[in-house]
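Asks: Residue numbers (the numbering used here), protein chains in the order written: chain X, 1 to 351; chain F, 352 to 601; chain G, 602 to 895.
Everything labelled a hint here was simulated from the structure, so no lab data went into it. There could be a bad hint or two in this list.
[To be verified] One-sided excerpt, in silico: chain F residues whose CB lies under 10 Å from chain G:
| id | residue |
| --- | --- |
| 1 | 410 |
| 2 | 411 |
| 3 | 415 |
| 4 | 416 |
| 5 | 433 |
| 6 | 434 |
| 7 | 441 |
| 8 | 443 |
| 9 | 449 |
| 10 | 450 |
| 11 | 451 |
| 12 | 456 |
| 13 | 457 |
| 14 | 511 |
| 15 | 512 |
Heads up, the beta-carbon is just placed ideally off N, CA and C, and yes, glycines get one too.
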Amino acid sequence: MAVIRDMLRRIGPLLLLIAIVFAIAWLASFAGVVLQRRVIFGLVNLVAVVGLYIFMGNSGLLNFSAVGFMAIGAYTSALLTMLPTMKHTFLPDLPLWLGDAHLPPLAGAFAGGGVAATVALVVGWPLMRLTGIAVGIATLSLLIIIYIVIGNWTSLTGGQQSLMGLPAYVGLWTSALFAAGAILLAFVYQETRFALALRAAREDEVAARASGVHVLRERLTAFVLAAFVSGVGGALFGHFIGTLRVESFYLDPTFLFISMLVVGGMRSLSGAVVGTLVISVLTELLRLAEAGVTLPFAATKVAAPAGLGDVLLAALMLLIILFRPQGITAGREISFPLFAREGSRKLTPQT
Amino acid sequence: MTATANSSSPLLSIDGLVVRYGQITALSEVSLHVDEGEVVSIVGPNGAGKSSLLGAIAGLVQPAGGRIAFAGEPVAPRALERTVRRGIALVPEGRHVFGGLTVHENLMLGATVRNDRRVVDDEIARFFDIFPILGERRNEAAGRLSGGEQQMLVIARALLSKPRLLMLDEPSLGLAPKVTDRVYELLAEIRAQGLTILVVEQNAPRALKAANRTYVLNGGRVRLAGPSATLAADPDFEAAYFGLRTEAAS
Amino acid sequence: MQMIIQVLADAFSLGGLYALTALGIGLIFSVMRLANFAHAEFVTVGAYVLFALSGEPLVMGVAAAILATMALAVLTERLAFRPLRNADPATMLISSFSVSMFLQRLLVFLVGSRIKTLDPLPMLNNAVTIGGVQVSSLKLVTIIVCAVLLAGLTLFLKKTRFGLQMRAAAENFTMSRLVGVRANTVIAAAFALSGALAAVVALLFAAQTGFVQPRFGVQLVIIAFVATVIGGLGNLFGAAVGGFLVGIVSILLQAFLPPELRPFREAGLFLVVILVLLVRPQGLFPARGLKERV
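Chain X with its partners taken away, still in its complex shape (with noise of 0.2 Å):
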């Protein structure tokens, strides 16, 4: 008994978080189309957050590169699954097996995550020496550059022009069945000694190589799974909103996603999920005040000016940054109650 009973501790983060998840799209099913969306868009968001965790939460170092990734993982997707028809026609210049190539939407989603993990494992070879500073600078320097190339290389992906026609496929319970494996897709790996070496030398780099970590491995087996992440999450992306368009992998999302994660606690996956959440939700009362609210006793509608919601979205990232670093799960994975004993667990070394 006491075994199962401290397996299902140690799992216990895994099965709520999954329970949210599963939870939030059987609420959502049953409200207007309207909202769904914005419920499968969050929970396409949430896919792209873990991606992000993954790599910031257990090496500690800045990566400003994953929305870059996310665009190589839509791109691929959409040119492997959308009906050769169309790709003759926006994309004559492509060569023949990949304008004739039609898979599967899944098939193109993991496609994408595949891209991506290996362009990581090329770019992060090198790239996973940095710290600090240094790869903060060159991981955004990675954005700019799969934004360029992406956006110019109009044979291949249509260059600044919209991309359309992208197999439509992201429902409510696609997105969230995504959603719960990208989950466990990050517990497992944060379970893993790999994970927790990495998280060693997240604490104390020096103490961790003298220890025998393989630091430079580790980070690169983390920058790649992240990769994969945010690749399928990218390819989820472009198939709910069925266009794509390059503009729509920069800095805007980069600084969302950030948000999120940092406003949730960067250092536990429940940050991830959480942030997601509080920031999902905080965007949409934005958005509804923005749009306009009738008062029941004045027959007049008040909205907040138009821009106000963006505002105070950054506002309250730097506020956290600022007062509260460490989020809003402050690193604590969330868990039952009942079967906790000294307090949540701590999926983090103990300093």
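Model the placement of chains F and G on the given structure of chain X, informed by the hints.
Replies: Just chains F and G, lined up with the frame of chain X:
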């Protein structure tokens, strides 16, 4: 409540000082004092807490407990810029010249808190008289000087702020014995002019020779204290320095 | 010959703008080890002030722009960066990024995201003839202003007492405080200078482009960051040289690259950044005191 310093109350007095870094206690209940015009040395092995002590006096570290008073006034933690304005000059471990700036510029920075430009220029000229080598290289980057030259430079830089108390953290570290001799000769001259000096050293014999009184610090506590001459002859001295249990240890 | 002179004029005027922007960023980085992304918004705000005072005499517009950006810079430091003085690099970078996004969105909220046109230096919309060759007056003035400001800043840092204190703080922040340099004053001064530089850049850049929008300064600053990294983080001389190099290489590539490859030249630039960070992280002209910390 201000108490003007007079010859009967110490220039620097430390009472029950506690310094912690996270879980590690670097200093526990350290008390000592320095009278005006004295040279006091604090000796101890690596990790004894000596640098933390100077750090607390200078405001570099925030004490977890205890009191530090200089010239009768309490010392506020973290107020680094006020340290030198109160009359405390610190020469930290490792010298820390401003490597990219010239020798002359380093010296001028020592006088940051002073307004009497002419007098400062005179004093700098006199330093160059006493140390012709520094004078010759006055427009060279300070980072290019040898270890000993840098040590002289930072002491001169500290003196230019006209301190009442000069604190030195391991001035002999990394220097050849002959060079260390010169450094301590300089310190003796400074002391002869009435300046109060607090010097922290791993090199115990050197410190004992130079100081009126010595404290032996180990494991964050004062193990032994007294006039240097007495301590030098004390059979428990080595034990106290190396952290072995002695009769005198409290 | 005409083309060569024009390319050179383009190269040096763009290089000058990048150099001034890089200096503004470098000033702050050298004393605080902070990569100030919000510098983009300092430039943008300067341009908007110029736009707002379009009808007024130039002197008034310029003075107002300089005062506004200096005030913004000092205020940003006081509110958003001072609490983080001892934070780790990742937190500071995220914070810097957040400040930039916040100011950008505040601008969008206050003035809208539509492009506004302006022509702050109409008297320079002509060309002068030098040695039989026509050169844009604006470009010429840009080069001269950049050179003068660079010289002025250098003089200030090397010859004045306060400049010496700033250089000491950039070398070894803690030690400089121990000799009595006031940290808050030096940092505020770095931000104020940075803001003033941003205003000048805004004036010259707005005169060249003719319009302003909420992302006005972003492109400049991103490239100026590249220049700072290549020239050597923490080294002002390196930042300026880096800025010139980037501007010159950028224009030359634009002139001589085949058209299909031109958009990729910027990607190439960022590739160089990554290479520099990997191979020679201290940049071309490493700052001497970069490693020293008491």
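Asks: Which hints from the list above does the structure break, by number from lowest to highest?
Replies: 3 and 4
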